[in-house]
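*Asks:* Protein sequences appear in the order of chains V and S.
Residue 18 in the UniProt record's numbering sits at position 18 of the first sequence; the count goes up by one each step and never skips.
Residue 318 in the UniProt record's numbering sits at position 318 of the second sequence; the count goes up by one each step and never skips.
Just so you know, the hints here were simulated from the structure itself, not pulled from any lab data.
So the derived list for chain V, only partly shown, Cβ under 10 Å to chain S, looks like this:
| hint | residue |
| --- | --- |
| 1 | P9 |
| 2 | K10 |
| 3 | T143 |
| 4 | V147 |
| 5 | V250 |
Using N, Cα and C, we set each Cβ at its ideal position, and we do this for glycine too.
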Amino acid sequence: MKTYFNDLPKTALGASYWLFAVYLVLPLSLMMVMSLKDANFIAFPINSWTLDWYAKVLQDRQFINASLYSIGIALATTVCATIIGVWIALLISAENIWGKAAIFALACLPAVVPGLINAISMRIFIRALDIPTGTFAIVLAHTVHAVPFVVIMVLTRLRSMPANLVDAARDLGADPFIAFLRVTIPYLMPALIGGMIFCVLTSIDDFVRTFFLGGYQPTLPMLIFAKVQGGMSPEINAMATIVLIVTTIVGLYAEYFTRRSRS
Amino acid sequence: MVDTTMQPRTVTSTAPPRYAGWIGRTVNSALYRNTIGLLASNRWVRLAVLAGVPLIWIAALHLGPILQMANISFLANYPPRPGVDSGYTLENYGFFFSDRLYFMPFVRSLIFAAVVTVSTLVIVYPVAYYVAKVVKPKNRMRALLLLLIPFWAGELIRTFSVIMLLANRGAVNVLLRELGFIDRPIPMLYTFFSLSFGVVYLLALYMLLPLYSAIEKIPTPLIHAASDLGAGPFQRFRRVILPLSKDGIVSGCSLVYLTTIGVFAAPLLLGGPNAVIFPEVIATLFHGSNDKWPEGAAFSMLMLAVSLTTVGLFMRIVGGRSVRLM
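If we strip away everything but chain S, and leave its shape as in the complex, we get:
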């Protein structure tokens, strides 16, 4: 019989406690008591129970897919077929630089993400400042909630709703025509404008929340002090508020940038043939008749490397040691 008592700390009684219901039945079963005894007696078993599942999960499913993708990106052929060379090669990466058809959407994607990030920052900053500093504390939650509600609607539905606004017979065009400003509709949908509009619409929340929590932490007396010392609104903003909200700016921009790079449904619905960005290019390599997985994997690796490097550099340069992504 294994000694089932726990190492007592201050307790003198070693009698097992009684529990009712299923807990009681479990606790009194031999299997359970043996397990607990083993746990108490052996440090390594304790460690294995605590760390086993998490470490295996992280290694297999957080790292595994990325590593497998990296592996495939260097293969000449995948899946391996008999009679075809399937050794390691750098050709898939060369393929990317060889054709403007692949290279241009990539550059476009990076520029697009930068533009979206900056526009979101400019649009959302005053809003976050207003909620964090101007609105009275007791109304603050309500003011924030009003902005949060649309974000529960989900990516696809919000993307779809942008079509209602921008289509040729959408609200904007019909309104302008009724008012007599235009004779024929302005084509807004399926352009870079509609795509940016939609993506900013999708991602504004990722900017709003970090900015809000950063600005809210700025002590209001500091702003008043600057004002008393003669700083005008612009100077107050530039020398006090902006530096102190840096953390929020950095994490908001990083989140929006990374999400924009990987945005997929919006370009399919809102972008047209003139607004092809890189995710669509990658997707066609995995779907469709000519599946070129090694090339697709190489392109994905490039995109991942470039986007993470950009964000890393951005964090390093702008500073903000205590950047949290959430």
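For reference, chain V alone in the conformation it holds in the complex:
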């Protein structure tokens, strides 16, 4: 009897975990199952099955163009955000810099400001500078959003770096740039890769910034949004399933990579 009472909380906790896991997985699996439905509207039950929607999506020029456009934006964002993020992290980790805490707080500001306000303030900002909405504006906004995360990841890694590594390189005759290139960068690599994949995924995923800053060419989330609003067919499910599978593989790889490098 006593052991039963001791085990009760543990059982309840286990149940809560599995219920939560089901809660997370169920909608997505329903969405994937629906992509196989052989009818042109979304509704349960599913009586006949087909793979046609996938064939249709993979031949859809709109989908392919939007994917390529999204990937291009994500890559440009990643390059910019990584360079600027590392630079800011180096500044914060440097010795005898005045006002480090303030710089760090301001560097993290875009991560704390709610996404919608971030997007709107960016929209106002580019209008003040006469920058048109479109690709450049999107990349700028995505970069601003991604920089804080790169800064945090790189700073964490920099803190664990033995200070005498760079000193040793300098003693052996490397100038600051060479020391940075051949000692600091390789040491930061795991954080950099993790940060880059994070940048790619958040950029591809972003809806609200693109909604306010985008031009006429739709990104992937904009395309899916437009299709969801304008009448639903299992085609959207097939599209979403393809995106889901690709991003999950990339995400899992990032997870695996950062875990391996941490241990």
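Knowing the structure of chain V, use the given hints to seat chain S on it.
*Replies:* Frame of chain V; chain S shown alone:
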């Protein structure tokens, strides 16, 4: 010829090292050697190279947009047109309080965010505790990963997938009808219920990770000690586990609250006419035919100020000096 040698620390040889490939070509170019020489000789140049780009970036793109938004929120007209008054005014803020159409969604938004935050905390806490303390260490990563996988799917796709579950001909309604519980579908989509369901679904991860890392740090012997001293499960939770996981609770709640305030795609897809929250109101001021940018900027400023103040107060009151947002 500029002296290109670095100030040697312990090295006696001043001969430049040799490198192969593009590094070698760069290092031996005159431009590079002059730059490095300048860097070595002048402290201010070093500082400028290190701090220039980061400080300009932060000032221009992290602060600039917010300041410009604040500026516009006080303008009578924007963009300035000839013949129209474009001086500074407080009218845009007055406009907000003058109309229930704007005021109510704002209040609704704040309440909504609080409800979502509390529900996420209640739902996720036992899960985080289970993974951090009950699961064996060697299985812990796998248990966590199973929960992380759905979050790689992205905001829009996850929001869309909620429709599959809650629509009138979605899984829940069809299942209930097959089982004979209901005759006609329960309208769940386009209500506050579907919106909360979707947002909790979107943001649970932001609660899970801080909670998990806070709970994992609680030394298990402490819990055992409390148990040995006669504390029951409830007392152990209230007097040991809860206070020690405070940091995780504070950062998880702050993250979820701030993200919920700014959530945009979910209300568009899952909220209906009866579940209009503030972000949609702001968006209509920027899109659509009547673009009222000063009013929109004022509303955004209000929302930003209120949400950041709430979170600041929450952190101050609940404590947790070592709160990290990430």
